[in-house]
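Engineer: Read off the chains here:
There are 2 protein chains.
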Amino acid sequence: MNVYRYDENPLLTPADVKPHRPDYEVIGVFNAGVAEFNGEIILLLRVAERPRSNDPTIVKAPVFNPITGDLDVVSFHREDIKYDFSDPRTIRLAGQDSFIYLTSLSYFRIARSKDGHHFTVDNQPLLFPTTSLETFGIEDPRITKIDDTYFISFSEVSPVGVGTGFASTKDFIHVDHHGMMLAPENKDVVLFPEKINGKYYVLHRPVPKSTGAPEIWIAESDNLRYWGNHRYLMGLRSDHWDSGRLGAGAAPFRTEQGWLELYHAADENQRYCMGAVLLDLEDPSKVLARTNQPILAPEVDYETDGFFGNVVFSCGALQDGDTVKIYYGVADTSMACAELSLQEILASLTYLED
Amino acid sequence: MNVYRYDENPLLTPADVKPHRPDYEVIGVFNAGVAEFNGEIILLLRVAERPRSNDPTIVKAPVFNPITGDLDVVSFHREDIKYDFSDPRTIRLAGQDSFIYLTSLSYFRIARSKDGHHFTVDNQPLLFPTTSLETFGIEDPRITKIDDTYFISFSEVSPVGVGTGFASTKDFIHVDHHGMMLAPENKDVVLFPEKINGKYYVLHRPVPKSTGAPEIWIAESDNLRYWGNHRYLMGLRSDHWDSGRLGAGAAPFRTEQGWLELYHAADENQRYCMGAVLLDLEDPSKVLARTNQPILAPEVDYETDGFFGNVVFSCGALQDGDTVKIYYGVADTSMACAELSLQEILASLTYLED
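So the sequences go chain by chain: F and P. Just so it is clear: in the first sequence, position 137 is 136 by numbering that gives the first Met the number 0, and no numbers are missing. Just so it is clear: in the second sequence, position 342 is 341 by numbering that gives the first Met the number 0, and no numbers are missing.
Hints are computed from structural coordinates only; laboratory data are not their basis. C-beta atoms are modelled at their ideal positions from N, C-alpha and C, and glycine is treated no differently. It is possible that part of the hints are untrue.
[What the hints assert, rightly or not] Some but not every residue of chain P turned toward chain F, in silico, with C-beta under 7 Å:
| hint | residue |
| --- | --- |
| 1 | 179 |
| 2 | 209 |
| 3 | 216 |
I would like the entire structure built from these sequences, with the hints used as guidance.
Structural biologist: Okay, structure coming up:
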């Protein structure tokens, strides 16, 4: 696979983004949704910020307070054995797999570009947590344009779980909120760009607890607000790069061969790569083909090193003829872009036996 | 709380139900949905069966095969240290919390009664697993009548997760399937018996993994097929009987004070009791009041002893004036019924401060 990483990579780093208030610092600008609007390329950046601290023995957790509208800060001593700080992203009770706090709070901010290489970041957030279901932040937006409306699906994180929020905008100024579309635990939700046989479809990624794994499902709707007829779509492969967890990435786009979905997956070592899956044009619940190898893997320094290294994670791509521009977060820290050939991606797919 | 347990309790036990095939045995007949139909009380029984075995060193797991339509059996040696058989309901990999097989397979069968005390069990299942999402069985049906249709929500269990199936019948003979209404992990789904301000509502119980707990949420729909606008409704109370997990039980019914929902909960010792919560008549996402103590707890021998003891678990109740007939599964083994006073239940509620 020929991968043309932009010379300007990383396109945006935390240093390029001013925190939304002076007592906070930006530690991540990554996993952006992508859209074309008014002749520009829009990145809807996930910006992760944390309270500034000069004391390395203290770990701080920012929490949006829906009553005051302000951010509260909960502090922990790093040596406190009741807690586990080994994952830099989370605070867990010792011995537990689930988290009780995040070490940063994410929200969405727009970056704009004429050429797709050089971006200017808006001064203000476009979307900031607003509800009790978003007290730990909003994350990983995906954008799908249908007619003249841009629909945004994103993770809503709070102590009661990680669900999927849904919002829409026509101008990237005013945003309408449509509530939580899929209940916890569910993230990595991407909307297809058109109705298929009269129905809207999303790919989604539940994380079940009692049995099952973080794998990709598909659901349908007739109004984009309510979703059902959930079906299992594709799963982990124990001997592959996608053996640990996987989820949809960019919004799927139409090719002659089928819907092409660029998805992310991690192995047991939490190395995140991007791969591709082809879905039937008339029935997107049918998997036609899948890449046995990643199409994009963390290789260069900005992908392997960072807040959470060895991660390439795309929430949006643009197709222009044979060129697929994959915008992607690197190391949970910065944004990058790589161009791949559509024909090469399609040629790398392995078709399933009937 | 005055609780009148029927003299005939347990009303139905595994000995009362003939297995659906001779090489299987019934180990549970419990957690039945309840409806009134044609002058009779219908219990839609969850029947749990397992392959007969004379060898106590072998643990067998029945699995529905959607291709052959038959049941496959996977066998394990009880001494195999790769596995954990300590929970009699499940087979887990050693050291894991999630399960990989169940030791029984459940399906639904009807029992009928004129007096609500004496039941006759149908010879054939009404609902049996049919899809790849039900290979480990279907469980815990709830029935809600709207107009002339009985809607059935139930757990669909398979290796890819535990989701919620949805079906309907007008005659308890022919059943229409409506697919998986809520994606894994989600169970304990009960439908309100009428539209409220133009929308259908369900209570549901996700089990998130990364953060959050097994708690009750509410969702809405305009067509009963697709669901959204998920909101968190009520949670665990660390110093109460409902400190471990909780979920909706019987379909809610209308009282002058609000929607009365009888819910189940367990503490950390897996002791399952029933309690009550009152929801606003005009906005069922608003909790008005809740019982601080259980209204029904496992006390008598058929509730404390059995396949999985110390469990009372209702999936359906009937209200007749001041009488609330709570049909409930006991010890994951048998069915029982208790009558309580509606006024006493309502008087036991503690209203929340505004």
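Engineer: Indicate, hint by hint, whether the structure satisfies it.
Structural biologist: Hints, verified against the model:
1. 179: Check passed: Cβ of residue 179 of chain P comes within 4 Å of chain F, closer than 7 Å.
2. 209: Holds, about 6 Å.
3. 216: 6 Å, holds
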